[in-house]
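Those sequence lines, one after another, are chains D and X. Counting from 1, position 256 in the first sequence corresponds to residue 256 in our numbering; the numbering is continuous, with no gaps. Counting from 1, position 156 in the second sequence corresponds to residue 1156 in our numbering; the numbering is continuous, with no gaps.
Calculated directly from the structure, the hints in this document are not laboratory data. Please note that the accuracy of each hint is not assured.
[Claimed, not checked] The calculated label-pair distances, taken between Cβ atoms and stated as ranges, are:
1. X:A1072 with D:V399: 52 to 58 Å
2. X:E1342 with D:V238: 47 to 53 Å
3. D:R72 with X:P1369: 44 to 50 Å
4. X:P1369 with D:S148: 19 to 25 Å
5. D:R409 with X:L1138: 40 to 46 Å
6. D:R175 with X:G1059: 25 to 31 Å
Predicted model, so just to flag it, every value in this text is computed and none were measured. Heads up, the beta-carbon is just placed ideally off N, CA and C, and yes, glycines get one too.
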Amino acid sequence: MPPPCFSGPTGSDAVAIADSEDREREGAMATAAAFFRDERRRSFMLQALTLGLVAFGLWYLTTTTMENLQARSMSAGFGFLDSNAGFSIGFTLIDYKENDSYLRVFWVGVANTMLVAVISIFFATVLGLLVGLARLSQNWLISRLARSYVEILRNTPLLLQIIAWFFCVFNLLPRPKQSLVWGDAFVLNNRGFYMPAPLPEPAFWAVAGTFFAGVGFAIWFSRWAKAKADATGDAPPVFAIGAAAIVLAPLLVFLATGMPLAWEAPVLKGFNYRGGLEVPPSFCALVVALSVYTSCFIAEIVRAGIQSVPRGQHEAAGALNLSHGWKMRRIVLPQAMRVIIPPLISNYLNVTKNSSLAIAVGFPDLVSVWMNTALNQSGRAIPIVAMTMAFYCTVSLTVSVILNWYNARVQIKER
Amino acid sequence: MAGDALVFTPKPDRPPPVATVGPIGWMRRNLFGSVSDALLTLLGAYCAFWLVAVFLDWGVFNAMWEAENRRACFDAIGTAGACWAGVVEWSKAIIYGLYPAEELWRINAGFLVLIAWVVPLWLQRVQSKVAIGLSAVLIYPFLASYFFLGGEKGLLWSALIALGLFAFVLVLATVATERARGQTIGRFFLAMAGIDPDDEARARRALWLGTGAVYLLCLGAVAMWSLEEVGTRLWGGFFLTVVISGFGIAFSLPAGVLLALGRRSDMVVISSLCTAFIELFRSVPLITILFMFNTMLPLFVPSDVEINQLLRAIVAVCFFSSAYMAETVRGGLQAIPRGQIEAAQSLGLGYWRTTGLIVLPQALKIMIPSIVSVFIGLFKDTTLVSIIGLFDILNIARSVGEDPDWLGMFIEPFFVTALIYFVFCLAMSSYSISLENRLSAGERRS
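The following block holds chain X by itself, in its conformation from the complex (with noise of 0.2 Å):
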């Protein structure tokens, strides 16, 4: 019949030319869309080739990785590989410096801490996230100055000491209790007692009681522990880089938001104190700070004081990144609204109030990516100590090359220096970006 001819049926869509879709159009997209496109990219895949052909062929193909001393490398490959021998030889001193053998164990035990103390950050279901930030950044630091360097220790030592195990026992207990039932270790440990809540009075008497014992608990322990005693002078490698950054990146937070505050103030004396620290040690290098604490220090003290190389070092690190840091906070200020602030304050908020809760934890979180470069930055520039004669990783891998049986080898060491902190620096800053998206997600819109 005609009205069956006159029914519509739709022919399928034709695919899209191959040329577009695929990988072959994403090639011509994105690598031959012109002539002189091609070229460039026929030239760029040439260069990454060889590159890549060089490198595989000098470090893997044709590298020996056992020898008795260069010569006996060169002897076997000539310069046409890597001695990797010689750094395999080296490898603990590019770590842990002179740390004597035996001891070497407080090193990793003390960076395991660490670990132990920092991972609570990335797991679910935990509560006090910025209490255990804050004192591993805080207190941390006392309990690893005495796995490190060990010996006598005073009372006020001991009690600082007493209080990074203290800290490190409750951020473990709350960590525990918070995955588990998910109660801060304060509220689980009222629940054990039977004390209800919301009696403040009562509550704050037990927790009192409860902490004061645990920290006698941990001061006992303190008193019993006793390790050998560790001269700064042996310390070097990779360890003596990570604790130099380590307390300046733990001294240059606070103190950088201290001083940015500072430098905002309506204060004059105070806020024009704050802007000469800053410039000061922001206009002149590195290097002219570190040698002006290694030469004028010990003209600054009365003549019976000795201050170590390292802790001149320390000192210097931790002015020259506070500078810093204060400059990268204060822009992270200025970009909070005017407006959050009058409302902070129309709630009857004082100034500390204000910046605590307010301004900071917006500031903050607007400033990770600066902060951390900041803190990339200055893990790169533990190196400068070097030149005052500090053996860390980087004047360690020079030495290698000093070493008789090594001697003139300086290739390998710096490459593997160089991958070192490439690492280190590019998972810090992939962190910071996925923070930064993290924390971003409530502004972004699809």
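The following block holds chain D by itself, in its conformation from the complex (with noise of 0.2 Å):
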């Protein structure tokens, strides 16, 4: 219908009075209309549309899983979490006994995916940042391998990686008896790959307080120095007072102390190896599989991060005739640095949420242990799912916080 603007007067009165009681008709249509043209009370009514919507949806979903947990006997509660788990772990970082409660399960799985991704998320940083920089090479044939590597690495899909590595790789690997073993510390077989384990004394937790002493000192020695090269232009040897407060004393403490540390090789005992610290396959797989991939996207990361950086930017720095490290470090690296970050800490979020592909493998991380041994062996599905969920959630919501607050201080400041 015309706006009301138009459907003004005619030229000849006759046509106007005719007119007049359909204009009557259209005043009250386009009072209706305006009605809905104000924009705030056409929104307020869209929304409470969809806030009644969704309470519907809600309030229905609510009603049938009720019903239909009734009708399975089946019950929705937390209380289940005190009771017996009553099944064994193959692979725990934090103690576990078979009758220990459901809630123990629970971390079990939470401490075996945060190793995980830390482990690999280490090995796909050094790993990434490598191929990132071979990429980079000036070097043709160097930087084209790098380019295939990403390439084939980063398009087949993560999950058949880590079957593969599992399959073709740790499961085909010798026998016990005939292991692979690096100076008889490091043993790798087909039942997985063990290492020496660290045995402290109790003077060792010394070593260890002077270690972190030494490294809340150098944090603060480089705020210091910081500080001082910027009011004076004079700057303090960081690196080296550094090193030494954060290596050097606790080395020194470590042997004033009388080496306070024992190591347990393993031994061929029987049929396997017994003794050190003891890694199955399944986790060798994932690890391998997930720094392999997540390096791809890191590697992809710092070149894009080292290209942002503009030419005048390098050419400034040579310039100012700044030697090819020191452009890198005080130039290039801080201003890449704001680029790469954020991706980066996204990344390692991912490597978190892939973690949970171990299922495939039979690693008992948080989706295998918990979402699918645990639920099938108590049926609380409801639970158990929004408890792994507000896992991630947790994770992934303490990542961002860390990542806007990192933005906002490295964002520049404009005038």
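Make the complex out of the two chains shown on their own, each in a separate frame, by following the hints.
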């Protein structure tokens, strides 16, 4: 219908009179239209409608779920968390026995997930940095090789890679009798990977304490040194003093207390190696696949970050006669970091999420041990799914809070 | 004479030193710039050569293409070569799963229709590319579902299948007329019927009549068309992978756009609901969503409704990918300068026209690379459905090694699976790069 301003009186009176009835009706409709044309009113109604629909959906879901639960005589409460789990777990980072509670199972899963994530993140970063630098190399062959590495690995599914590492590498390793052994300490066979376990004596905690004190001192010292450098232009040797505080001081304490750390090496007893730290093949496959897969993305992030620094910055550094090392440390990297850090951290988050694929090779991470085994044992689908989701949401929210804080901090301050 | 002696005859330029031009110069610059560079080059070349040689030995020269079972392969070549015979024997299952052999033509026909539907997007002189692309994403799935699933069809279901057939007929017709006469099918139809397209009321009536008649014809054809039902339990292999990721792609783009618009909306209720949905589905791994839908969807619906497992997986994948797509789209929307929206508003365009005509076309253009990488991620992530027990290509490849005849054979089927994924993902990303270059041609300065 035409807007009211165009339905004004026409030229001749006769028409105007004939139109007057129409106009009245039109006027009523125009008021109705005007009522809907007010944006605030319309948006209020739309939101009320949406809210109503969502509320109805939730109500419907809850009632049907309740009915279904009753029909299957299941309960939705968290009461089962204290009862005995009664199943064993193949690999646990924290202590766990068969008659521990379900809650303990949850924490075992969380610990295993975090362990896989942290170790994979470490290796992925190292590998990704190397490949990213190789990708930037002036050497045509090296940069091409790095590029093929990236393209091949990131264009195949991660799950396929995990399963392939498991079935085609770690499961095909020799039997314990023919294990691959490095220096009587590290052993690799088709039952897993074995390494010496540290056995700290009480005095070792003094060494650890010195180490943490050293780290604290190094952080404080680098801040103080930066403040001094900014104020006077005189830069104290941060690296040397920091390294001394972190490495040398604990080492001296370690020697002074008479080396209070023994190692327990794995030894072949009967059919398998015993003693030391043991990780199953599923863990190795998971960590290797996650590190290799994520390293491709990290390599691309590193490359993009370094390339994002404008050419003029390199040239300006050259004009100031800075050496290559100084140029990278003081000019290029600080600017590249601004671009690198946010996607890097979201990739770390992805590693944590992707570690849930552990279930495909039977490593007991959170999803495998909690959302699969515990759920099938107890049948409490709703609390178990909710707790798993809550864990992942917490991790991801924490990371995004950290990221926002970082982004706000490094944002270029414009005048 | 003295004048002759002074005439300047330039000598021709001396060629540049051999070591700076041509292949030798290129190698000196790019491969042997310094001693360490040369060492790296030699090391890299050695590694690359070794890898290629090992692969060729294993996969080509020592490989066996025909054998009864793995034992026969092993006796003949040991572990020195690949035993492709197992993969060859399983190839049908790797591509089609357990789909009955006499019905396989339906899968092929379904994908041929899709190819015929999307090929015009690459052809010159086709005007309605947007409509063709959108219909391929939004309407083709109905037609494809019937091709693949078959079986009984109610009235609504028949109407939707007929819509698919109708759209396919229209696409073919409009491509034909656009390429032959430079007119869309509508214009061509009006010209044939002798109706002046400027007489809007009459033209519209004629078009409605024409399309209605074609649709009724399609409906009739669908009513007479009957295919035997093939249950989703028999679906598998690469076919299943494509179906799941196809649904994910078709659903995630429109849903992602709506979610992103909702998140940016001024309306508090809508934006917070959209934000909650996006953040929830983005912060948990896909496998937990698959598990959740697998165990909880049956609880959410009345007990007499049966939701089959494939549908649960598809719903999970769709939700997950639309949350990711929403964030991608939001990134693109944020890149559009505020002035564009203000300019559109000053022309009197409302919200939907501003969004549809001004903001989205520009945003989608800059988002192409990230949208395609979401698609690639989705395509790779469909392998996760193997964990909840669907027989996608990965699960089938894994079953080869569990077949008594080929017990323990994992490397070869996994290699083939990886190769298929690699080829498809690389094709998608190269296409997105070329599209991006073509679309941004106007912004590039030499």
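Hint check:
Checking the proposed 52 to 58 Å range against A1072 (chain X) and V399 (chain D) shows it holds: the Cβ atoms sit about 53 Å from each other. Between E1342 (chain X) and V238 (chain D) the Cβ separation comes to about 50 Å, which falls inside the hinted range of 47 to 53 Å. Between R72 (chain D) and P1369 (chain X) the C-beta distance comes to about 48 Å, which sits within the given range of 44 to 50 Å. Distance hint check for P1369 (chain X) and S148 (chain D): the Cβ-Cβ separation is about 20 Å, which falls inside the suggested range of 19 to 25 Å.
For the hinted restraint 40 to 46 Å between R409 (chain D) and L1138 (chain X), the CB-CB distance of approximately 44 Å keeps it satisfied. Against the hinted window of 25 to 31 Å, the Cβ-Cβ separation of R175 (chain D) and G1059 (chain X) comes to about 27 Å, which satisfies the hint.
Checked against the numbered hints above, the structure violates none of them.
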